[in-house]
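Protein chains: 2
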Amino acid sequence: MTAAIKEEARRQLAAEGAAKLSLRAVARELGMVSSALYRYFPSRDDLLTALIVDAYDAVGAAAETALARRSARTDGHPARWVAVCRAVRAWALAHPHEYALIYGSPVPGYTAPTTTVGPASRVGRTLISVARDAHLDSGLAVPPLAAALRPEAERLAADVAPDLPPPVVAALVAAWSQLFGLISFEVFGQFNRIVEDRDRFFDHCAMSLAHAVGLTGGQAAGAVPFAAPDSDDGS
Amino acid sequence: MTAAIKEEARRQLAAEGAAKLSLRAVARELGMVSSALYRYFPSRDDLLTALIVDAYDAVGAAAETALARRSARTDGHPARWVAVCRAVRAWALAHPHEYALIYGSPVPGYTAPTTTVGPASRVGRTLISVARDAHLDSGLAVPPLAAALRPEAERLAADVAPDLPPPVVAALVAAWSQLFGLISFEVFGQFNRIVEDRDRFFDHCAMSLAHAVGLTGGQAAGAVPFAAPDSDDGS
DNA sequence: GCGATTGCGAGAGCACTGCTCTCGCTTGAG
DNA sequence: CTCAAGCGAGAGCAGTGCTCTCGCAATCGC
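Chains as they are written, first to last, in the working numbering: chain A, 1 to 235; chain B, 1 to 235.
The hints are simulated quantities; they were obtained by calculation from the structure and are not laboratory data.
Small disclaimer: the values here were computed from a predicted structure and weren't measured.
Even for Gly, the Cβ is constructed at its ideal location relative to N, Cα and C.
Accuracy of the hints is not assured; some may be wrong.
BS3-like cross-link-like pairs, simulated, lysine-lysine; straight-line CA separation at most 30 Å [what the hints assert, rightly or not]:
1) A/K6 to A/K20
2) A/K6 to B/K20
3) B/K6 to A/K6
4) B/K20 to A/K20
5) B/K20 to B/K6
Restraint ranges, calculated between C-beta atoms of paired labels, are given here [to be verified]:
6) B/N192 to A/E8: 42 to 48 Å
7) A/S35 to B/S43: 46 to 52 Å
8) A/S35 to B/A68: 55 to 61 Å
9) B/A4 to A/G31: 44 to 50 Å
10) A/S35 to B/Y38: 41 to 47 Å
11) B/S43 to A/A15: 16 to 22 Å
12) B/E7 to A/A36: 56 to 62 Å
13) B/S22 to A/S35: 22 to 28 Å
14) A/T2 to B/D199: 39 to 45 Å
15) A/A36 to B/G189: 31 to 37 Å
16) B/S71 to A/V142: 45 to 51 Å
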């Protein structure tokens with residue numbers, strides 16, 4: 001039952017956006033009365049939170065399967081990085097409203113329940129695992145790091161990836177946020193009338209981010225063509 | 001009168017966020033009845049659009065004055081770039097809800113009226129002018145560009161900065177979006193419990209972006225300390 | 001100076017929202 | 001067979017965006 005509610009809510013979300021998502025409309029579409037929905041979700045915000053968790057899981061799964069399909073041996077580490085970036089972008093473009101739900105403005109009153117932090121970190125952990133595989137493969141060139149940032153980088157590394165060099169972890173966090181800057185600008189229309197060949201532009205940026213993180217090895221950069229986008233865009 | 005309405009609306013926006021901004025509440029606070037507001041703004045979305053334009057102008061002005069205070073001769077081009085980045089971040093942190101209005105999820109039905117494109121590009125043009133000054137000063141190292149992106153970069157350059165080398169323009173657009181990725185993650189709480197020393201982390205990233213764009217010259221990177229944030233955070 | 005026009009606020013009202021409460025029905029466990 | 005729990009229906013409250021009409025006031029044209 002809660003699944004049916006979420007499914008219908010997701011439909012309305014995709015059709016009209018989070019602002020227009022109405023509990024009454026969901027109930028109406030399900031042939032129920034609005035008060036019945038409160039048996040399953042205590043409030044509209046709780047429904048949204050459930051959708052947020054699902055969205056984090058979906059984009060995380062898209063990233064993970066995209067990575068699992070690439071071999072460090074045959075594709076190289078930069079290509080694996082780009083594959084993850086592409087998968088996240090493809091999911092975002094396919095589900096713009098759900099993307100906005102998780103990476104746009106926080107809709108309710110700043111509520112970030114602890115239940116969302118697990119799924120929320122799946123994309124980040126996928127990016128980390130690309131770097132980790134490269135590190136174990138001696139395919140990671142430690143990027144430069146300002147001396148002033150050294151303590152923060154070490155604390156950061158101890159928290160999220162103790163087995164990686166601190167400068168790499170700092171570069172990963174930066175690349176992580178910058179990747180979503182790229183995607184958000186495209187999804188939210190900031191690139192309208194500016195960037196036209198967005199596929200190629202994104203690929204180039206993703207490859208630059210891979211270099212900034214220190215990924216090397218595998219095929220040459222020019223040998224990573226832009227082919228058909230991954231089909232694994234997650235539902 | 002419209003100014004008074006916008007002022008009160010901005011107060012509610014800062015207090016509760018865009019979702020809770022209510023025409024009736026604004027009217028109530030102004031001692032009027034809600035229908036009277038429709039003399040000045042045809043709809044709630046039009047009020048929001050006006051606030052969006054103001055916000056774009058405010059952050060653009062913050063960026064421009066931060067740049068105007070730095071001299072290419074005494075500070076160097078990378079420092080000017082970082083100053084602009086800092087100013088945008090400072091404004092965003094000081095006005096998170098207004099920032100969310102313009103760089104978060106597009107709230108209404110995808111409406112990006114043409115009246116917003118002018119103010120919206122002020123930050124971007126400020127970043128471009130930093131690169132232009134550096135270019136005229138021979139302080140710009142053309143970054144590498146994938147061959148596949150060459151045509152797009154040339155079209156892009158012809159559109160937004162015909163006097164700059166196409167690879168620089170492509171790098172500028174990428175850095176522009178990545179800058180807002182950084183800021184959005186911080187404002188929207190994605191860095192919570194992850195990045196602690198956000199001032200230094202941001203400075204380091206901004207300097208990396210300056211290098212990615214090709215800015216060189218001026219003082220050494222290490223000589224740009226993190227001092228007190230700029231006081232020019234716009235209103 | 002006076003009448004007409006225009007601008008503006010008030011009020012009522014419609015359709016909608018989230019949410020609460022109570023009341024029955026149904027179902028299944030003991 | 002009984003009784004309790006779960007669940008949906010319905011009414012209702014407070015609030016929302018928005019539309020319409022009405023009356024007051026100032027201002028403009030003559």
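Notebook entry, point to check: Tell me, which hint numbers fail for this structure?
Noted result: Violated hints (numbers, rising): 3, 6, 7, 10, 12 and 16; every other hint is consistent with the structure.
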